[in-house]
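Go ahead and model the full structure; you've got the sequences and the hints to work with.
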Amino acid sequence: MTIFDLTLLLFSASLLAGFLGSLTGLGGGVVIVPLLTLAFKIDIRYAIGASLISVIATSCGAAAAYVKEGFTNIRIGMFLELATTLGAITGAMIATKVAVPLIAVVFGAVLIVSAFLSFRKGKEEGLSGRPDSIATRLKLNNTLPTQTGFRRYYVQRVPQGFGLTFIAGILSGLLGIGSGAMKVLAMDQTMKIPFKVSSATSNFMIGVTAAASAGIYLNRGYIDPGLAMPVMLGVLAGATLGTKILIRTKTEKLRLVFGAVIFLLGIEMIFKGLTEIF
Amino acid sequence: MAWTEEKIEQMLGNLLRTGVIAAGIIVLTGGIIYLARYGAQLPDYKIFRGEPEYLKTVSGIVRAALSGSRRGLIQLGLLALIATPVARVAFSIFAFIRQKDYFYIAVTAGVLSILIYSLVWGRA
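Chains as they are written, first to last, in our numbering: chain A, -16 to 261; chain B, 76 to 199.
Any given hint could turn out to be false.
[Said to hold, decoys possible] 20 Å max Cα-Cα, derived DMTMM-like pairs, lysine to aspartate or glutamate:
1. Lys122(A) to Glu84(B)
2. Lys80(A) to Glu259(A)
3. Lys121(B) to Asp(-12)(A)
4. Lys179(A) to Glu84(B)
5. Lys121(B) to Glu235(A)
6. Lys227(A) to Glu52(A)
7. Lys179(A) to Glu52(A)
8. Lys24(A) to Glu52(A)
9. Lys122(A) to Glu81(B)
10. Lys175(B) to Glu81(B)
11. Lys131(B) to Asp119(B)
12. Lys80(A) to Asp26(A)
13. Lys82(B) to Glu52(A)
14. Lys131(B) to Asp26(A)
15. Lys121(B) to Glu259(A)
16. Lys24(A) to Asp119(B)
Simulated from the structure, these hints should not be mistaken for laboratory data.
What follows is the structure, encoded as structure tokens:
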């Protein structure tokens, strides 16, 4: 297989990953690393570098569309970005120190958890609760547009949310994923932020988190232009295509299938990592 | 020009879109000339070697791209992509300055410092 063939294959596979990721809302980044390491036998460090690049590309593209809808809370996003970027450089530093097969095992575990998280449905509540003193002082409370006009929401448990997003940042830096699912979980479950605001704000944060780790990976020589090129262009083209084609009715089934694929990839990654360790 | 929230959000959206499109065009251009030259060779990604020095640092990448390196040009596009969220954070500082929101000026400056640290001194 020549470089040309590999580039074409990587582009097509990334296109599909980006397309399914955007259609199901699960993100394409999470399948890029397993795809590159399991199917193409590429070293996981190169794979993580290429994946981070694709995560930045899709996040910036999606965030551009999201901010206009008015769900994004820029203060929550910026405040939690302190946690995610610190976590991201911590994770990226850990990645350069830890034994490489161990990263595959952790990756597999995170994939399995994300598969289960993907079956979770976003409930539109989070309007109960009184103003929390920290959230009020940090001006995190805001309103969201609904069909019946603007509704106010009060952010809860700020320190716990900050801690959880820090961990999401570590995973992002260690594994080269967006860890959007975990950010949304921290925001809507722990901080009681409405689901729509959580997911829009998470999208806003993913690119910045990934940029923080990408800097470290670039400096360490983990980002290869020949690999990142087809992956970035493929995922970007696929994600753009996915947002253009809105097949709302069929996405539930697709989510299930994609979730199952992620689950199986997780098992495979753990297996791969363990066979390399022992 | 009035800096309403809506206006700021619109500008943020345009900034992100422009950054991604610009990065995509540079990467695509670099990719085409890279494939034209090296497409027939055999890839080697099974064993990790790390990138050469000139593809690892901001100054090295800019110099390589300017001197006509094909891989350097792709890397320049990737660098532009990484810089896009950084520019977004930098731009948000102005928005908070307009609102005289000192706490968020400090938060944003903190995030920006972390990003610049990782990009410039990420080797340490």
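Taking the hints in turn, this is what the structure says about them:
Proposed proximity of Lys122(A) and Glu84(B) is supported: the alpha carbons are some 18 Å apart, at most 20 Å. This hinted pair checks out: Lys80(A) and Glu259(A) have alpha carbons roughly 17 Å apart, not beyond 20 Å. Of the pairs offered as hints, the one joining Lys121(B) and Asp(-12)(A) holds, with about 16 Å between alpha carbons and a cut-off of 20 Å not exceeded. Simply put, Lys179(A) and Glu84(B) have alpha-carbon atoms about 17 Å apart, close enough for the 20 Å limit, and the pair holds.
In summary, the hint linking Lys121(B) to Glu235(A) is not supported, as the alpha carbons are separated by about 37 Å, beyond the 20 Å threshold. A hinted pair counts as satisfied when its Cα atoms are at most 20 Å apart, and Lys227(A) with Glu52(A) qualifies at roughly 16 Å. A hinted pair counts as satisfied when its Cα atoms are at most 20 Å apart, and Lys179(A) with Glu52(A) qualifies at roughly 10 Å. Proximity of Lys24(A) to Glu52(A) is assessed by CA-CA distance (about 41 Å); at most 20 Å being required, the pair is judged violated.
With a C-alpha separation of about 18 Å, the suggested pair Lys122(A) and Glu81(B) falls inside the 20 Å cut-off, and the hint holds. A hinted pair counts as satisfied when its Cα atoms are at most 20 Å apart, and Lys175(B) with Glu81(B) qualifies at roughly 17 Å. With a C-alpha separation of about 19 Å, the suggested pair Lys131(B) and Asp119(B) falls inside the 20 Å cut-off, and the hint holds. For the suggested pair Lys80(A) and Asp26(A), the alpha carbons sit about 16 Å apart, so the restraint of at most 20 Å is met.
A distance of roughly 13 Å separates the Cα atoms of Lys82(B) and Glu52(A); the hinted pair therefore holds under the 20 Å criterion. Taking the CA atoms of Lys131(B) and Asp26(A), the gap is about 18 Å. The hint holds against a cut of 20 Å. This hinted pair checks out: Lys121(B) and Glu259(A) have alpha carbons roughly 14 Å apart, not beyond 20 Å. The suggested pairing of Lys24(A) with Asp119(B) holds, with an alpha-carbon distance near 10 Å, which does not exceed 20 Å.
Violation of the numbered hints given earlier is confined to hints 5, 8; the remaining hints are satisfied by the structure.
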